[in-house]
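Please put together the full structure from these sequences, using the hints given.
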Amino acid sequence: MAIDPIKLTQNIKESYIRYLTSALRLRDTKLRRLFYQEAEKFWFINGPILEATPPFKNGCYLKDLIQEKLLAERLESFIYDALPYLRDNPLYLHQEKALRKILSGCNVVIASGTSSGKTECFLIPIYNYLLREHKEGKLTPGVRALLLYPMNALANDQLRRLREIARIMEDKAPDVNITFGRYVGDTPETKERGEEQFRHRNPGIEPVKSELLSREEMREHPPHILITNYAMLEYLLLRPKDSPFFDGEYAKNWKFLVLDEAHIYSGASGIEMAMLIRRLKDRVCKNMEGDLQCIATSATLVKEEEDFSKVAEFATKLFGERFEFEPQNSQRQDVIKGERIKTMVEKSTLNCPAQLYSQLDKIIRESSEDSLLEQCYKVCEKFGIPENILNESKKRCNGDARRFLYEILSRDEKILKLKRILEEGAKKFEECVKQLVDKNNPSDEERQCITSLVNIAVWARPDIESLPLLPARYHLFVRAPEGIFVSFYPEPKIFLERRELTDDGYPVFE
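For what it's worth, my numbering labels the leading residue of the sequence shown as 1, then goes sequentially.
These aren't lab readings, by the way, just hints derived from the structure by calculation. Glycine included, C-beta positions come from ideal geometry on N, C-alpha and C. Check before you lean on any hint, since a few could be wrong.
Simulated crosslink set (SDA-like; lysine to any residue; CA at most 25 Å straight-line) [unchecked claim]:
1. Lys434 <-> Asp4
2. Lys419 <-> Pro55
3. Lys417 <-> Ile389
4. Lys378 <-> Pro353
5. Lys347 <-> Glu51
6. Lys209 <-> Asn156
7. Lys13 <-> Phe42
8. Lys57 <-> Arg461
9. Lys378 <-> Arg461
10. Lys57 <-> Ile341
11. Lys417 <-> Ala354
12. Lys138 <-> Asp175
13. Lys434 <-> Asn11
14. Lys30 <-> Glu491
15. Lys428 <-> Ser410
16. Lys342 <-> Trp459
17. Lys63 <-> Pro84
18. Lys428 <-> Gly113
Here are the in silico distance ranges between beta carbons for each label pair [unchecked claim]:
19. Val508 <-> His221: 49 to 55 Å
20. Lys378 <-> Pro84: 40 to 46 Å
21. Ala274 <-> Phe488: 36 to 42 Å
22. Gly204 <-> Met151: 24 to 30 Å
Spelled out as structure tokens, the structure:
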């Protein structure tokens with residue numbers, strides 16, 4: 001589906017401002033007007049940002065780790081049904097590295113992009129550990145792994161994955177009961193209410209036996225995998241009735257602490273999280289270094305190679321555990337980054353006019369499949385693509401319009417230049433436009449042409465199994481204001497960022 005990142009960004013901004021000004025409606029008409037004006041100017045949005053997404057480098061197969069005895073053989077009975085893509089496909093290289101590190105007992109930071117399999121990097125070792133405990137007859141109630149998420153939405157995503165694994169295990173490994181539970185603000189108190197809430201949210205689906213749905217169940221028999229968030233962990237550590245998680249017979253086997261989206265814990269929030277982790281460690285392992293294996297994940301912690309040592313230092317301070325990174329020693333590298341395959345950029349032999357991209361984009365959106373190839377041929381001919389290139393591309397494409405455009409545009413100067421730009425990393429779309437049209441102030445028409453260029457390059461591919469000419473995606477970041485702040489002298493003024501004084505030194509109120 002074609003995307004217009006500029007229109008999409010503007011629509012999101014306008015919708016967000018409408019939401020804010022209606023949800024935070026001020027009674028005073030003058031302040032309300034000032035609030036709307038400030039919201040129009042405020043920097044809510046960062047983006048659109050364009051990122052090339054060539055595939056990640058491959059590592060070994062999961063079965064190789066099982067054959068090496070690093071993973072329990074029993075894992076094979078259900079893991080391929082739970083994660084079917086691993087049956088016939090290798091792990092990514094960063095997944096292999098992370099698994100080997102975690103299975104050897106090291107603390108690890110997994111810094112890799114979205115949809116890169118970070119979750120599998122810690123879930124597989126956790127299930128492997130629990131399977132070994134089951135085999136040794138040690139799988140008693142009690143937390144082995146705490147998965148800590150910054151938002152309930154992320155915790156809920158993880159919960160869905162654990163439910164899928166549990167359903168498969170009920171069929172493939174019915175004798176192994178690996179329990180899990182999500183303890184957040186809306187977790188019901190009683191088992192009856194927990195089941196009622198589950199059925200209300202999941203109509204027609206029965207809960208799995210291994211999921212503990214209520215607080216009373218989790219206090220009575222703490223789950224092997226506990227999912228919660230920062231704020232709730234604070235409460236759990238304070239309340240005497242929640243002490244079974246951390247004290248007594250069921251609290252002796254803590255093993256893993258997983259912190260998702262670790263990059264958000266910087267500054268004051270990082271200090272708070274570091275103190276919370278130390279309080280947790282004091283309860284469950286008397287702050288003995290090395291007793292808890294710590295794993296952090298993030299899509300944005302590492303940008304350049306020079307960042308690795310800094311990230312290891314950051315993780316050491318955050319967890320109070322040793323993380324290290326020595327560039328020349330692969331055995332002492334606890335920060336693992338997803339590595340993408342570098343795409344070869346050919347030499348350009350075409351310089352297509354910018355208007356061609358817009359015309360092709362329109363044809364792709366509006367033409368029927370039957371006439372698409374012919375329409376693409378005609379518009380390329382109209383904009384001066386040499387006849388020999390057109391005929392050669394048509395002959396090689398076997399009637400496939402995607403391949404036809406791939407054959408032509410793979411030599412295009414602007415597309416190859418965009419590939420080189422994105423090899424350096426994700427870029428703001430506006431910056432890409434400026435470099436491609438070689439202007440500091442591109443026109444709206446030029447922006448639209450480059451939008452179409454990206455759409456076509458993402459659409460064109462040599463065959464259905466292969467990557468497109470430009471594997472890429474857009475990112476857009478939206479941030480919430482810290483609140484509404486007002487000064488009244490000498491004139492009323494609204495601020496959407498926290499401050500105590502105006503630039504002139506007058507007080508500001510929340």
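Each hint tested on the structure:
1. Pair hint Lys434 plus Asp4 holds up; C-alpha atoms about 17 Å apart against a cutoff of 25 Å.
2. At most 25 Å may separate the alpha-carbon atoms for a hinted pair to count; Lys419 and Pro55 meet this at roughly 14 Å.
3. With a CA separation close to 20 Å, the supplied pair Lys417 and Ile389 stays within the 25 Å bound.
4. With a C-alpha separation of about 15 Å, the suggested pair Lys378 and Pro353 falls inside the 25 Å cut-off, and the hint holds.
5. Between Lys347 and Glu51 the CA atoms are separated by roughly 22 Å; this keeps the pair inside 25 Å, and the hint holds.
6. Annotation: proposed proximity of Lys209 to Asn156 holds, straight-line Cα distance about 18 Å (limit 25 Å).
7. Between Lys13 and Phe42, the direct Cα distance comes to roughly 10 Å. Compliance with the 25 Å bound is thereby established for this hinted pair.
8. At roughly 20 Å between alpha-carbon atoms, Lys57 and Arg461 fall within 25 Å of each other, so this suggested pair holds.
9. With a C-alpha separation of about 19 Å, the suggested pairing of Lys378 with Arg461 holds against the 25 Å cut-off.
10. For a cut-off of 25 Å, the pair hint linking Lys57 to Ile341 stands: about 6 Å separates their Cα positions.
11. Proposed proximity of Lys417 and Ala354 is supported: the alpha carbons are some 14 Å apart, at most 25 Å.
12. For the suggested pair Lys138 and Asp175, the alpha carbons sit about 14 Å apart, so the restraint of at most 25 Å is met.
13. Proximity of Lys434 to Asn11 is assessed by CA-CA distance (about 23 Å); at most 25 Å being required, the pair is judged to hold.
14. Annotation: proposed proximity of Lys30 to Glu491 holds, straight-line Cα distance about 11 Å (limit 25 Å).
15. Of the supplied pair hints, the one linking Lys428 and Ser410 holds, its CA atoms being roughly 23 Å apart against a limit of 25 Å.
16. Annotation: proposed proximity of Lys342 to Trp459 holds, straight-line Cα distance about 20 Å (limit 25 Å).
17. Between Lys63 and Pro84 the alpha-carbon distance is near 13 Å, which keeps this suggested pair within the 25 Å criterion.
18. Proposed proximity of Lys428 and Gly113 is supported: the alpha carbons are some 17 Å apart, at most 25 Å.
19. For Val508 and His221, the hinted distance range of 49 to 55 Å is satisfied, since their beta carbons lie about 51 Å from each other.
20. At roughly 43 Å, the beta carbons of Lys378 and Pro84 sit within the given window of 40 to 46 Å.
21. Between Ala274 and Phe488 the beta carbons are some 39 Å apart, a value that agrees with the proposed interval 36 to 42 Å.
22. A hinted range of 24 to 30 Å for the beta carbons of Gly204 and Met151 is consistent with their spacing of about 27 Å.
When held up to the earlier numbered hints, the structure conflicts with none and fits them all.
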